[in-house]
Amino acid sequence: MTTTDNASETVAIGTQIAISFEGVRKEFGSGVNATLAIESVDLDIAEREFVSLIGPSGCGKSTLLRLAADLIEPSGGSVVVNGKSPRQARLDRDYGFIFQAPTLFDWRTVWKNVALPLEIMKISGMSKEKKDEEIERLLDMVALNGFESHHPYQLSGGMQQRVSLARALVFRPSILLMDEPFGALDEITRDRMNLELHRIWAETNTTILFVTHSIPEAVLLSGRVVVMTARPGRVQEIIPIDLPYPRTTEVEESTRYYELVTQVRESLSKAMVGGL
Amino acid sequence: MSASASPEVSPQIAASDRFLTDERAERLRSASARIILILILVAIFLGGWEFLKWATDAPRTTLPHFHEVVNYLFSTNSQGDKVWLDTGRNLRLTFIEALTGLAVAIIAGFAAGTLMALSRWTGRGIMPFVIGAQTVPIVAIAPALVIWLGTGWETKALIAGFLAFFPIAVSTARGIGDVSQDSLDLMASYGASRTEVFFKLRLPSALPYIFTGLEVAAAFSVIGAIVAELPVGSQDGIGVVILTSQQYFSLQPESLFAAIGGACLLGGAMVAMVRLIQIAVLRGHRAQELS
Ligand SMILES: Nc1ncnc2c1ncn2[C@@H]1O[C@H](COP(=O)(O)OP(=O)(O)OP(=O)(O)O)[C@@H](O)[C@H]1O
Ligand SMILES: [Mg+2]
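Sequence lines, in order, name chains C and U. In this text, residue positions in the first sequence follow the working numbering: the first is 1, and each later residue adds one. In this text, residue positions in the second sequence follow the working numbering: the first is 1, and each later residue adds one.
Just so you know, not all the hints are guaranteed correct.
Quick list of in silico lysine-lysine cross-link-like pairs, DSBU-like style, CA-CA up to 35 Å [as the list claims (entries may be wrong)]:
#, chain 1, residue 1, chain 2, residue 2
1, C, Lys84, U, Lys200
2, C, Lys112, U, Lys200
3, C, Lys112, C, Lys122
4, C, Lys84, C, Lys112
5, C, Lys130, U, Lys200
6, C, Lys130, C, Lys112
7, C, Lys131, C, Lys112
8, U, Lys200, C, Lys131
Note that these hints are calculated values from the structure, not bench results. Since this is a predicted model, take the numbers as computed values, not measurements.
For reference, chain U alone in the conformation it holds in the complex (with noise of 0.2 Å):
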């Protein structure tokens, strides 16, 4: 498939590189180069959608035809609402605990990474913590945590956030952590303190190690709010609508595949979102930490 696609790719980029020098018109090349490749991803997608039904024969309650999926959306439930309306409502839903729980991550996993890289005992005090954040079977405790706390957005939020806390955490340790002997000496000859070697030096060093992390914390606090949703009790969010359409699947199997699909744009739409910030806040960093 990738070896029909690319003849189709590369005359264009070869093209394009012969008038487009300099720095903007490179960056232009790269992201419709990008686009061109997301295009035959998706071409290459729906292809391979449609030549499973066609090759294994599968009756629309095994595998609807894409088109049916996409025609669902637009029908009118049970409620009398349409069907993307309500779906979005509940991707809204998902979205905001997701990210109400990346931020508390955010903020509570670069304090921990910080004290971790910059301050022995503390640091040593709260590894155990970060290290059990890791290998908590979130999955399996989710249901007792809605339980105890539960089925409001705040608990699912909290949970999103315990996913992503560890890389933002980690990533945030490495990255204070890693900074040469030559810079720390050289803002030491300078007479810097402790403060000013932190936002002047480590700091900044550490921001590409931390947005790596920070891509992997934003598709995990979807995940987690999702898991989060799937204990029963709970009445929405994109993980309830995946919960009732598996319920309902011989009689609308279409359902399923709109709330999987809604679900995994909404991760993607929060991966691109770091994306953009770090683009923003990283311009002036080496260019290869950006790609």
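Same shape as in the complex, but just chain C (with noise of 0.2 Å):
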């Protein structure tokens, strides 16, 4: 495991493909009702990358990631995760997903909540002590120690999803499908989570594919920005982040950076027209 420090130099992306999108094409219903709502995407992540999708609204940028997650079922084409089809990907745990609400269940408390997936993956070779090590490391990253036995209903948007993050980090996943999972949180806290994230990816071996509608937050967190057409939802651009490692408040004020930001902005303006 690398530190935040030595992370600058070795934020090596691996040569395996992690997630692999090829000619896909989703349609939702039939006949008259139906909707195209991704025609051909070809898109290969590596493992270890941190890669995120942008684009216009009803884009596709949702239905791509439960695709990869096998909740749903392309249409065309084929998905690839971890050298497997989804569907075994799923089975085997390869990857948390991270829900734009935080879907936490009410009637379970914060504690049991991220105890959740443990209960049902039955772990072997983790002992009870340790999963509650885990699940008290883990409420201690997302700042919610001292809210172990509240339920859901009694937090806060924000303080629910970082509940919900925790949630997916207990099991160790290798890859990370977060659909827009800061949208709800106030800057300050969306910005608290967002290096926390960073660190997170740096420290473990995660591959992330993240979803955002906030282009400074793509450009800060991802080694490549994928902005995608309006619908039907294409690849517009992959533009290649190329700012240094760790992402600090330093580099959020690089000239690089703003240039960066520029570039998916205009890459971004250029799709809505496309799909109007």
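With the hints as a guide, bring the two chains together.
In structure tokens form, the structure reads like this:
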């Protein structure tokens, strides 16, 4: 495991492909009510890569994530996750999914919500103490210690989304699929969560596919930003982000950062026009 | 009436608000407010009763004084039993009939509701029966059932259960079926089995719905048991007491009012029992779904 300090030299992107979309098409419904959400997406995401998806509302970002997660099936083309079918990857618990809404279970306490994946997965060779330790560590990380026995409805929206982040990390999946996870948070909390997420990514071997509406967020966090066209979604442009690591507030003030933000913005506005 | 009652309550609530702030005190406050409210309602009820009697100048054989009904309860009947003891015995039997019916309805209703929510084909198959359970005029067919199945308490329990079945089945079906797609996706992303989805997601999220149906079912079970006792041939139960009191109304009008009061208390007790269980079971659920 690398630390944040030497991450600057060693954010080594793997050579293996973690997620691969090849000519992926997705149509919802049929006949007159058919909606073509995604039209032929080709995209490879390497192991340990942090890739952001950005695009107009309704362009199929969530759909792409759900295809990778085997929550829906493609109408055409192929999706490969960790060299397997998405179904096998799902059954192997290869990924953690973080939804736009926190999706916590109201009848469970914060602690028990975070423990949910461990209950279902029955991870072998993990003692109760080890699990408790892990849950505690993660609640610490998302700054929710002291709220273990609260119920979700007693928490703010931001706190709820932090619980959902802890829940996704507790079983250490190799891939994180995140659908606008911090969209509902205030800017300060959001910045903190972004840096925290970036640290987790740098310290672990996690591949992250991250959907966002925020251009600065996408540029700050990612190795590559994928700009999608309006529906039906296609890849408009893939913009490599050649900013140094670790990504700190200093990076946020550099000229290169502003250039990249502008580049993504221009690409995005082209994508919007293309869709109209 | 209620307008004059509220100034009595609200200053007390406002005063206690200032001192009691934590959750337990909050619960205590709402409980004592509820008791005060009940006392006020009882006072209104008794006042209304006596006012009605005074205003219409009704004779004892139309509407006795409330205290006459109470006195009657403590008198001795023709068999030499205390009336309140005898009424209690009959209430107890009706209670057992209703409770047995409710228990059967809970099992059958839960099973039917779950099937309706989860299995497309079996669900469709039992749907007509559930709808049927709702539309059968039980009051009309109860006498026939008593003739076919006898006047034993089991027949009455069956009719009570029949009536209680529908609300449980419907609320279970709604609760089990009503889970968000995100929650289902979340469970799928953990590779959860159908059994795990049921016990860790569907059932707990359905509990508040199920208890709402259960409360209605509790009231229905008492109604069902009493209706089942009405056909001639039955010997015991509060329904029988109501029927015989009606026959001797001109001689002993108090007995009918005592029997009606007992039946009301029984229904109330049954619903209260379900509520208490609900509060115990749903402690972790959203507070708003409890009230
Ligand atoms: N289950 C579904 N049934 C029918 N149409 C759907 C379904 N899910 C998505 N769609 C359609 O597919 C398109 C893409 O939806 P998707 O949710 O992927 O968009 P998105 O890019 O995530 O948008 P947003 O940024 O607003 O979240 C939309 O036009 C939507 O109407
Ligand atoms: Mg979306």
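How the hints compare with the structure:
{"no.": "1", "hint": "C:Lys84 - U:Lys200", "result": "28 Å, holds"}
{"no.": "2", "hint": "C:Lys112 - U:Lys200", "result": "11 Å, holds"}
{"no.": "3", "hint": "C:Lys112 - C:Lys122", "result": "15 Å, holds"}
{"no.": "4", "hint": "C:Lys84 - C:Lys112", "result": "31 Å, holds"}
{"no.": "5", "hint": "C:Lys130 - U:Lys200", "result": "22 Å, holds"}
{"no.": "6", "hint": "C:Lys130 - C:Lys112", "result": "15 Å, holds"}
{"no.": "7", "hint": "C:Lys131 - C:Lys112", "result": "11 Å, holds"}
{"no.": "8", "hint": "U:Lys200 - C:Lys131", "result": "19 Å, holds"}
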